[in-house]
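So the protein sequences, as listed, match chains A and B.
Using the working numbering, the first residue of the first sequence is number 1, and each one after it goes up by one.
Using the working numbering, the first residue of the second sequence is number 1, and each one after it goes up by one.
Since the hints were made in silico from the structure, they are not lab data.
If you're wondering where the values come from, they're calculated on a predicted model, not measured in any experiment.
We put the CB at the ideal spot given by N, CA and C, even for glycine.
Please note that the accuracy of each hint is not assured.
Stated by the list, open to error - If you want a taste of the chain A side facing chain B, the calculated C-beta under 10 Å gives, among others: (1) 3; (2) 34; (3) 36; (4) 42; (5) 96; (6) 100; (7) 101.
As the list claims (entries may be wrong) - Here are the simulated DSSO-like cross-link-like pairs (lysine-lysine), alpha carbons at most 27 Å apart as the crow flies: (8) A:45 x B:18; (9) B:36 x A:45; (10) B:52 x A:45; (11) B:40 x A:42; (12) A:42 x B:22; (13) A:2 x B:36; (14) A:45 x B:41; (15) B:22 x A:45; (16) B:52 x A:2; (17) B:41 x B:19; (18) A:79 x B:18; (19) A:2 x B:40; (20) B:18 x A:2; (21) A:42 x A:2; (22) A:79 x B:22; (23) A:79 x A:42; (24) B:18 x A:42.
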Amino acid sequence: RKEVEQDPGPFNVPEGATVAFNCTYSNSASQSFFWYRQDCRKEPKLLMSVYSSGNEDGRFTAQLNRASQYISLLIRDSKLSDSATYLCVVNLGRRALTFGSGTRLQVQP
Amino acid sequence: ETGVTQTPRHLVMGMTNKKSLKCEQHLGHNAMYWYKQSAKKPLELMFVYNFKEQTENNSVPSRFSPECPNSSHLFLHLHTLQPEDSALYLCASSQDSATSGTNEQFFGPGTRLTVL
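Work out the full structure: start from the sequences and follow the hints.
Printed below as a string of C-alpha cells:
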C-alpha cells in the first residue's frame, strides 16, 4: 500500500466550479499534513497546512480526519490560475516529507 | 538572491561523465534535502541533512554522492549514471523539524537531468 494515496485525475472543471480532492495516508503516526501545489515543470510550493480543526484560506478549505487517516482539499469558485497538480503531503516528525503522486486539476473557461 | 536556488537548471550528460548539482538556500534554514521526481511518480526523498550532518539516505545508489559543506549549501555529485536516472532533481530546505514543529519545506526550481 502506498504511504500517501491520491486520485491522479485529471479533474476537468469549468471556471467557478467547486472541486474537492481527497487523500489517504497509511501511517497513523503521521504528525503534520500539507497541501502543496506544483505547476507544470515547476517546483512544488506550499499551499496550506492542514489542521485537525480544519482550516480555510480564502477559496481553499482543508480538512483532516485522523481517525480515518484522510485529508481533503476543497476549492471554491475555481479560477483558470488554479490549474495545477495538487500534492498531498504528510510528515512523520523528524523524517522528511512523504508526497502523494498528486491530483491534476484543469480549470476550463 | 532569495529562497532556494539550484544550478544548473538543465543538464545533459553521458553515462561516463561526472557532474555536480548545486543548491543554495538563503532562508537561514538548517535542514536540506535532495528529492528525485520522475515522470508520473511522486517525489522520492534521496538524502536529508540536518546541521550539515546526513541524517537520512533513502537507499540511494552510490553513483549519487551528496555533500553538505555548510547549512546553506548542498551538492549532489553524479558519476556513471544510467538513463533511468533522468529526472527532475529538487533541493529543499526547512528549519530543523525538532524546533519548528511543522517542517514546512521550500523547494528550489530543480535541475532537469537527462542521461544519454
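Broken hints, by number: 8, 16, 18, 20, 22
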